[in-house]
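Asker: Protein sequence lines, in the order shown, are assigned to chains C and L.
Each step along the first sequence adds one to the number in the numbering used here, with nothing skipped, and position 272 is 272.
Each step along the second sequence adds one to the number in the numbering used here, with nothing skipped, and position 389 is 713.
For the record, the hints were derived by calculation from the structure and aren't laboratory data.
Hints may be right or wrong, so weigh each one.
[Unchecked claim] Think about it this way: if two alpha-carbon atoms lie no more than 20 Å apart in a straight line, the pair counts; the simulated SDA-like pairs of lysine to any residue are:
#1 LYS341(L) / PRO226(C)
#2 LYS223(C) / LYS493(L)
#3 LYS223(C) / ASN385(L)
#4 LYS223(C) / LEU416(L)
#5 LYS879(L) / PRO226(C)
#6 LYS340(L) / LEU249(C)
#7 LYS524(L) / VAL99(C)
#8 LYS340(L) / GLN231(C)
#9 LYS493(L) / HIS583(L)
#10 LYS252(C) / TRP882(L)
#11 LYS340(L) / ASP296(C)
#12 LYS252(C) / VAL346(L)
#13 LYS97(C) / HIS1076(L)
These figures come from a predicted structure and were not determined experimentally.
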Amino acid sequence: MTLTDRLTDRLGGIWDPRSLFGPLDDVQSDAGYAEDHPPRMGFFTDTSICIGCKACEVACKEWNMVPDDGFVLTGMSYDNTQGLGASTWRHVAFIEKPVDVPVPAGSGPASTGVDLGMPSLGVPQVDDQEAPSGEGGMRWLMSSDVCKHCTHAGCLDNCPTGALFRTEFGTVVVQPDVCNGCGYCVPSCPYGVIDVREGDGRAWKCTLCYDRLKADETPMCAKACPTQSIQFGELDELRERAQARVEELHEKGVEVARLYGADPDDGVGGDGAFFLLLDEPEVYGLPPDPVVTTRDLGSIWKHVGAAAGALAAIGIASFVGGRR
Amino acid sequence: MAEAHPVGFQWVVEAKKRGATVIHVDPRFTRTSALADLHVPIRAGSDIVFLGALINHVLSNDLDFRDYVVAYTNAAAIIDERYQDTEDLDGLFSGFDPETGHYDPASWHYAPPPGEREKPGEPEAEDDPSAKGYEAKHSHEMAVSDTHGSGGPPVDYKPMRDETLQHPKCVFQILKRHFARYTPEMVEEVCGVSPEAFRKVADALAANSGRERTAAFCYAVGWTQHSTGAQMIRTASILQLLLGNIGRPGGGILALRGHASIQGASDVPTLFNLLPGYLPMPNANLHHDLDSFVAGQEGKAGFWGNVRTYAVSLLKSWWGDAATADNDYCWDYLPRLTGDHSTYTSVKLMIDGGCKGYFLVGQNPAVGSANGKMQRMGLANLDWLVVRDMQLIESATFWKDGPEIDTGELETDQIGTEVFFMPAASHVEKAGSFTQTQRMLQWRDKAIAPPGDAMSDLEFYFLLGKRIKEKLAGQANGPADEMDRPILDLTWDYPLDEDGEIDAQAVLREMNGTGPGGAALSSYTQLKADGSTRCGVWIYCGVYADEVNQARRRKPHWEQDQTAAEWGWAWPANRRILYNRASAAPDGTPWSERKKLVWWDAEAGRWTGRDVPDFIADRPPDYVPPEGAKGPDAIAGTDPFIMQTDGKGWLFVPTGLADGPLPTHFEPAESPFHNPLYAQQSNPVSKWISDESNPLNPNYSEVYPYVYTTYRLTEHHTAGAMSRTLPYLTELQPEPFCEVSPRLAAERGLTHGDWVTIVTARTAIEARVLVTERLRSLRVGDRWIEQVGLPYHWGPNGLVPGDSPNDLVGVTMDPNVYIQDKVGTCDIRPGRRPRGPALVAYVDAYRRRAGLGTVHVPGRINGTEVDPVPEEEGQ
C-alpha cells in the first residue's frame, strides 16, 4: 500500500472519486447527514409553458432581499437582466428565432445567413439588399434559469471557508456570514451561476429558499409562477413528472422537447434544478455538456500526494545518502 | 393576454395542455403568441374586416349553429321596411343626418306588428323633451348607448319572426348581405392577413363550435380603443352568437380589464353617465321625476322592466329615512346630466375654462391618457387639483417638469393650478373587493397599515364627506341651506374597524341591501318599489346573503366542482356564466352531454344544473307569455337573454347604438389607406375634440406614412406609477423603447438599440428602438404595411424617465362610449428629438409639410378631409 493510498484511507473517503463525479444516489448522506434526512428537493423548470412574465425574478428578489441589478436596456429581446449573477438568482432568457420559410422568387432572402442558434447579443443582422419582413413567423423561447444545485457542486468543493455547504435537502447554499469573498467558487461553477457582488465582496446565488424549505414552504419563484413552469418538489418525483411531460410533448409532435440536467450520469451527476427545453441548450445560453470542475480533484490529490511522497523519499534518501 | 394578464393566462396554458387550440391575432408577436398554436399578425384597426369575414365565412358555408340561432337570437326578426344598409348607401346606414353628424335610429327598429304604426298618437313637437325623437337626438350627447350595460335598450314590441330565416328583411338575410363583401381577399387587402392564415382561423373556430364544442374570445381593453371600438366587440358578439358560443361553458367573450377592478368601476360605478347597477344617470331635460325616469323601461319584457324597484332601493340606500314616497324618494337630490361629461370632453372644458376643479384618483392622464399635451394644458388651467396616488405622478408635477415647461409652451409661474397631493394606500394596505372580468367579487383583507399619511380611498372619502357635512350643517346663520339637503341627508353612519377606520365590509353590506327589518337581503328579486328595501347596487344584491361576506369565500377549486361556486361571489346571484339558459336546447335538455351546464328538471319543475340558472327557476321551457304580460312575466320559456326586452341575443341592434345596427369597417381616424369597402373613409359619427392641441394627421399622408399602435408590457402597469418607481420592475424594462420590423429599420436607417424620434401632428418623442421580427411587415398587394409598436408606460418621472408615447396620440373617439382611437399614423427617424422650443418648430415643420400649417388645425372636420399637400422632404 502506497503512502497516498494510506492517506486516502485515513481521510475516510473524502477523496472517494464517487463524491466528485458520477451518479450519487444519496447526496445528503454523502455530505454526512444521518440516514433520516429529508428527501432531496429541487426544481423542474418546464420552459414549454413559460410565458416570460418574470414573476420568478421579482418574487425571488422580494423574498431574499436581493438588490436590483442595474437599469440597462440591453437590446437582447426583453431580457434586461442578462444572466444569473450575484444580484439575479432567477433569470428569464428571451430568445427570438425567426422561422425560415420558402419565399416567393424575387422577394429576397427571408433570413439573414446561417442561424447558429446562439442568442443574439447585439444588433440583429439586416440584409442590406432587402430587409426581411418576418413573414416566416417567429419562435420566442422563454426560459427561467436558476442555480442547478448540482449533485457534484464545484463551488462547494472549492470553497475554502466552508461558507458553501450542502443542506439537508440536498441543495447548495452560501452562508453570507462565513463567506470571505475569496471568489474561488466563481470559476468553479460549470454554468457560471455563482458570482461575487460588487461593493459587497461576497459570493451570492440561489439558496433554493433554504429558509422557506425549513418552514415547509415552497420557494418564492415556484410559488409566484402563474403557469407552473417552475415546479418544486422531491427530485425523484420531479424527474418522473418531467419524463412524462417530454413524452407527452413528443406525442403531440413537439419533437424538439428534451430534458436538460435530469441525467444522473452527466458531468455534474445530475442537477437539483433541471429543465425541459425546446431547443439545443446553447440556444438558451446553457453549456451543452457541463462537467464539474472538481471532477479530477481525487486524481489531482493523488498526484500531489505521490509527488509529495516522492519529494519526501528523495529528502530522506538524501539524508540517508549523506550519512553514507 | 400573457403580456397584460399573466395570472389569468395560466388557464389558457391549462386549456392548451388539455388540447385546446390557442389562436392569437395581434399586430405584434407577444408572449401570448409565443405560447399560441397560431399567431396572426394584423394591421391595427382592421379588426372588423377580419371578424366580418369570419361571419361571412360562417354564413356562406352554413356553419352557424342553426337551432341556437333561430331560437335564441334575433336572426328571425323582421326589420323595419325603411331600413337601408351600408350596402345600399356606400358606408352609411339610413337615418344619417350630415348636418349634425348623428344617426336617427328609427328605421333600424323591428318592423311594427300590423296596426302598431297606424296607432293614432299625438304628433311629437320638435323640442318637446318628453318626445322619443328628442331622446334619440340627444342620447348621442350623453353616451346613453353605454348606459344599457345590464339591460339593453328597450324595444317597444317583440318582433315579427320568420323562423325559416328567408324573409328578405329578416336579420339573418340582412346580416348575409351586410357581410357579403367581407371576403378573405378583403382581409388580405385591409388586414394584411394571408388567405391561408385566415382559413386556419376560420376552420379552427368552426370545428370548435356547435353542440359538442365551444370557443371563447378573450380581449384586452386595447380592442375597444378605436373610433369603432364598441362595434369591434359587437362583431365578435355576432360571431359568437352565430356559433352558439354564448351562455355555454367554455364560450363567451371575456373582456380582460385594464386594472384589478375596472369591472367593479363600471358596476358601482365611476362613469359619468351611470348610476350603480347600470341605471342611467338622469337627464336634466328628460327625467323630471321618478316616473319619467322609469317610463322608458318599466313594464317592458325582461328583468329590466323592474327598473323602478332598483331605482327606489338605491335612493333609499343613499338617503335612508329622508327618502319617502311623498318626496319621490329624494329623486330631486340626484345630479342630472346636461350633456357629455366624459373624460376627454372634460379636459377640453378645462382648457376652455369651464371646469375649475378636478380629482385624479389612481389615474395619471398626463401619461396614461391620449394626447398628453392636451391633458396637461387642461390641468394647467384648473383652479385646484386633488391627486390621490402612491407616487408623485406626472399629473401632480406637470407644472414644474412637464414637457411643455421645457418647450416654453407653459411657464411655471403662469400656472395657477393649486395641486393637493394626497398619498394613497396600496391594495395590501386596505380591505375591499375587486370585481374581475367574470363579474366575480373577490375580497382582500388588509395586510398592513399604510405608511405615514397614506390612507385608502374609502377612508379619504368617508372623512371628506364627514367634514363637508359638518361644515354645511354648522353654518352660523341659522338652519342649513335647503340646497345642501342632498349632502346633509346622505346616510353616512358607518361602523369603524379596530383601527378606527371605516369598515369596508359595512359598505359592501350597504351595496348588498337590507330588508324592512334591517337584515341583509339575499337576492335582487326581494327588492321592492315601495321603499321598504334599501340596496346600493342592485346587481350586487346577494353578496352579503345570510350576513356573510360571500366575496370572502376562498374554498380552493380542488375541493369543489368545476363551477367552483364557493370561491368569491359573482353577480348576479352568484351565476358564473350569464344567460346560461342558452346552454340547454329550447326543450330544456342540454345541447350535448359534453357541454351540459343548466337544464330543465321536469319532475321537480325547476331549472337545475352545475351553475345557478340564469332564468326564472320554475318557468318551463314551453311557457308562452300571455298577451300583455310585463317585466319578467313576459319572458318566454325559450328566451335566455332575460335582460333584453325581447329575450333574444341581438345579432342586429335595432336601437341603442350611435353608429349603426351592424358593425362596419371604417379606417382609423388617421390612416395611410383608403377604405376599400365603402366611399365613407372613417366612422361618420366618431367624435373629435376640437382643440389646437389636438390636430389630426391627414389621411394617406406621405409625411406620416406609418401606422403606430400603443400597448403594454408585462413588466409595467399602465401609466407606470406603480412600476417604474420600483427598482425590481424598472430593471426588467428600464427604458422607453419602440419596436419596428427589420424592413422598416432598413427603410428609415434605424439601428437596433439606438435612439429614434417618432413624430405625429401632436408632438415628437424619442425612444430606443428594438428592431425585431416580432413586428412583422405586412404585405398588401404590392405595398408593405409597417407598424411602429409603442409600449406606453414611461413619462418624465420615475427611476428611468423618458418621453410618453401617449403624447403622440390624438383624441378621436368612439361615439358610443367615448374611448379614444389608439391607432394613428406617424413618421419615425433615427436620432434624438430636438430639445426646448426647437421641438415645437420640428413638429410644426412636419405639420407644414403635411399641409396642416403652423396653426394647429385639424385635418378633418366631420368626415370632410383636408387634402394633404406634401412638400419636399429634408429638414
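Asker: Against each hint, give a clear statement of whether it holds in the structure.
Answerer: Now the hints, each set against the structure:
1. For a cut-off of 20 Å, the pair hint linking LYS341(L) to PRO226(C) stands: about 14 Å separates their Cα positions.
2. Taking the CA atoms of LYS223(C) and LYS493(L), the gap is near 58 Å; set against the 20 Å cutoff, the hint is violated.
3. Among the hinted pairs, LYS223(C) with ASN385(L) is inconsistent with the structure: their alpha-carbon atoms are about 48 Å apart, more than 20 Å.
4. For the proposed pair LYS223(C) and LEU416(L), the alpha carbon gap of about 54 Å is over 20 Å, so the pair is violated.
5. Proposed proximity of LYS879(L) and PRO226(C) is supported: the alpha carbons are some 19 Å apart, at most 20 Å.
6. For the given pair, LYS340(L) sits about 12 Å from LEU249(C) by alpha-carbon distance, which is consistent with the 20 Å threshold.
7. Pair hint LYS524(L) plus VAL99(C) holds up; C-alpha atoms about 18 Å apart against a cutoff of 20 Å.
8. At most 20 Å may separate the alpha-carbon atoms for a hinted pair to count; LYS340(L) and GLN231(C) meet this at roughly 18 Å.
9. Restraint check: the Cα-Cα separation between LYS493(L) and HIS583(L) comes to about 42 Å, which exceeds 20 Å; the hinted pair is violated.
10. Using a Cα cut-off of 20 Å, the hinted pair LYS252(C) and TRP882(L) is violated, with the two alpha carbons roughly 27 Å apart.
11. At most 20 Å may separate the alpha-carbon atoms for a hinted pair to count; LYS340(L) and ASP296(C) exceed this at roughly 46 Å.
12. A hinted pair counts as satisfied when its Cα atoms are at most 20 Å apart, and LYS252(C) with VAL346(L) qualifies at roughly 15 Å.
13. Of the pairs offered as hints, the one joining LYS97(C) and HIS1076(L) holds, with about 16 Å between alpha carbons and a cut-off of 20 Å not exceeded.
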